[in-house]
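Reminder that position 64 of the sequence shown reads as 106 in the numbering used here, one-by-one numbering, no gaps.
Any given hint could turn out to be false.
[Stated by the list, open to error] Taking CB as the label site, the calculated pair distances span:
hint : residue 1 : residue 2 : range
1    : Ala392    : Ser359    : 19 to 29 Å
2    : Thr271    : Ala364    : 14 to 24 Å
3    : Ile210    : Asp253    : 18 to 28 Å
4    : Asp328    : Ala200    : 29 to 39 Å
5    : Gly195    : Asp356    : 37 to 47 Å
6    : Gly315    : Met272    : 34 to 44 Å
7    : Asp356    : Asp253    : 33 to 43 Å
8    : Gly378    : Asp328    : 42 to 52 Å
9    : Asp194    : Met272    : 27 to 37 Å
10   : Thr271    : Asp197    : 18 to 28 Å
11   : Ala314    : Pro358    : 37 to 47 Å
12   : Asp182    : Gly315    : 32 to 42 Å
13   : Ile317    : Ala200    : 23 to 33 Å
14   : Thr331    : Ala237    : 27 to 37 Å
By construction, these hints were calculated from the structure, which means they are not laboratory data.
Each residue gets a CB set at the ideal place from its N, CA and C atoms; glycine is no exception.
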Amino acid sequence: MSRGAGLQCAAVAIVLAGPSAGCRDEDGSTDERGVTSEPTGSTSGPGPDPPVTTTGDPADTSTTAHDSSGGSSSASESAPASSTGPSGETSGTEGTGGSSSGSEGSSSESGSGREGSESGSSSEGGREDSEGGSSGESDDCSFTESFEGLPDGSDWPAPWTATGGVLIADVQGGRGRLVPVPGPYALARMYAPIACPDVEGTMTFELTDEDTQGVGLYLRQNDGYLQETMPPGQGYVAFSQSLPFSEGIAVWRELDGEEILLAPTTPVTIQAGVIYIVRFRITQLDAVTTRLQARVWPEAQLEPLVWHVDVTDDAPSLQSFAGGVSIDAWSELGAGMPSDLFVDDIVVTAAP
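From just these sequences and the hints, can you work out the full model?
Here is the structure:
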């Protein structure tokens with residue numbers, strides 16, 4: 043699922059089974075997956091600049107940012123530069139699509155009881171989410187999956203179902219393994235039902251081939267798969283990828299089975315064999331505007347205080363949509379056996 047920005051179309055030629063084929067760049071052309079990008083049409087912002095976050099030192103940055111309730115406030119937030127990627131890069135200022143920019147918060151979010159406060163990172167690094175509950179536990183706006191206690195080779199537990207493109211979806215070493223069907227459009231998707239419009243999700247993931255893989259955490263998802271199901275796929279996804287020409291995290295939307303890039307990929311180093319955490323938050327700002335925020339970091343390091351992506355979208359059918367959670371595994375190979383993707387500690391709650 044090469045959802046990166048500024049993709050080099052000539053690098054890979056793909057014949058798509060879902061969206062229309064072709065190559066688009068960030069100016070409205072198609073990438074090699076045949077999806078269209080929409081850098082400015084659905085993002086907020088007073089000017090023409092695309093809503094992209096760059097890496098840099100987040101310390102002592104003034105920001106005008108929406109709070110977690112959808113309002114906005116102006117503040118000068120001093121954020122220690124405590125989050126560095128595995129290659130020594132420092133997480134950048136918040137890319138807001140015109141909504142906000144700069145560092146955010148000063149303590150790490152917890153998975154429960156977050157009454158609109160954004161936290162600093164724990165001294166031990168990683169994530170402070172509450173991950174209690176049995177594997178596959180869910181209610182209307184809460185879901186936890188740890189794959190704990192499941193034997194190797196067993197299927198992903200209920201309520202997970204394969205939506206499309208799945209070659210392998212099993213448990214290995216207490217984690218979920220997901221491998222797409224080989225082919226020119228190798229995308230596997232697993233879905234679990236919840237009903238949550240304002241929602242936040244976290245999970246850990248590990249790639250095994252940093253040259254060919256990507257992983258998506260979908261929220262507000264409708265249990266569809268591209269244009270191969272009825273209804274077609276719909277939702278928002280935070281997509282982390284490590285490809286030769288595009289590495290980092292971006293946010294996409296799927297509408298009528300077509301995936302559209304909402305902001306250019308924010309560069310973040312993502313290596314094979316390293317466990318990462320991704321956090322994805324969706325909040326309804328008003329009746330016609332949804333805010334989408336995402337960040338990714340190595341599990342062994344502190345959670346960044348900034349969002350790598352912060353953008354808005356106004357697609358009518360996705361506003362206040364109470365959808366489920368999906369996990370996507372993408373392979374760029376085109377031919378040959380795709381590499382294993384491992385995911386774990388999937389936690390979905392109402393957004394703070």
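For each hint, the structure was consulted:
no.	hint	verdict
1	Ala392 with Ser359: 19 to 29 Å	holds (21 Å)
2	Thr271 with Ala364: 14 to 24 Å	holds (19 Å)
3	Ile210 with Asp253: 18 to 28 Å	holds (20 Å)
4	Asp328 with Ala200: 29 to 39 Å	holds (36 Å)
5	Gly195 with Asp356: 37 to 47 Å	holds (44 Å)
6	Gly315 with Met272: 34 to 44 Å	holds (39 Å)
7	Asp356 with Asp253: 33 to 43 Å	holds (36 Å)
8	Gly378 with Asp328: 42 to 52 Å	holds (47 Å)
9	Asp194 with Met272: 27 to 37 Å	holds (35 Å)
10	Thr271 with Asp197: 18 to 28 Å	holds (20 Å)
11	Ala314 with Pro358: 37 to 47 Å	holds (39 Å)
12	Asp182 with Gly315: 32 to 42 Å	holds (37 Å)
13	Ile317 with Ala200: 23 to 33 Å	holds (25 Å)
14	Thr331 with Ala237: 27 to 37 Å	violated (21 Å)
Going through the hint list in order, the structure does not satisfy hint 14, though it satisfies all others.
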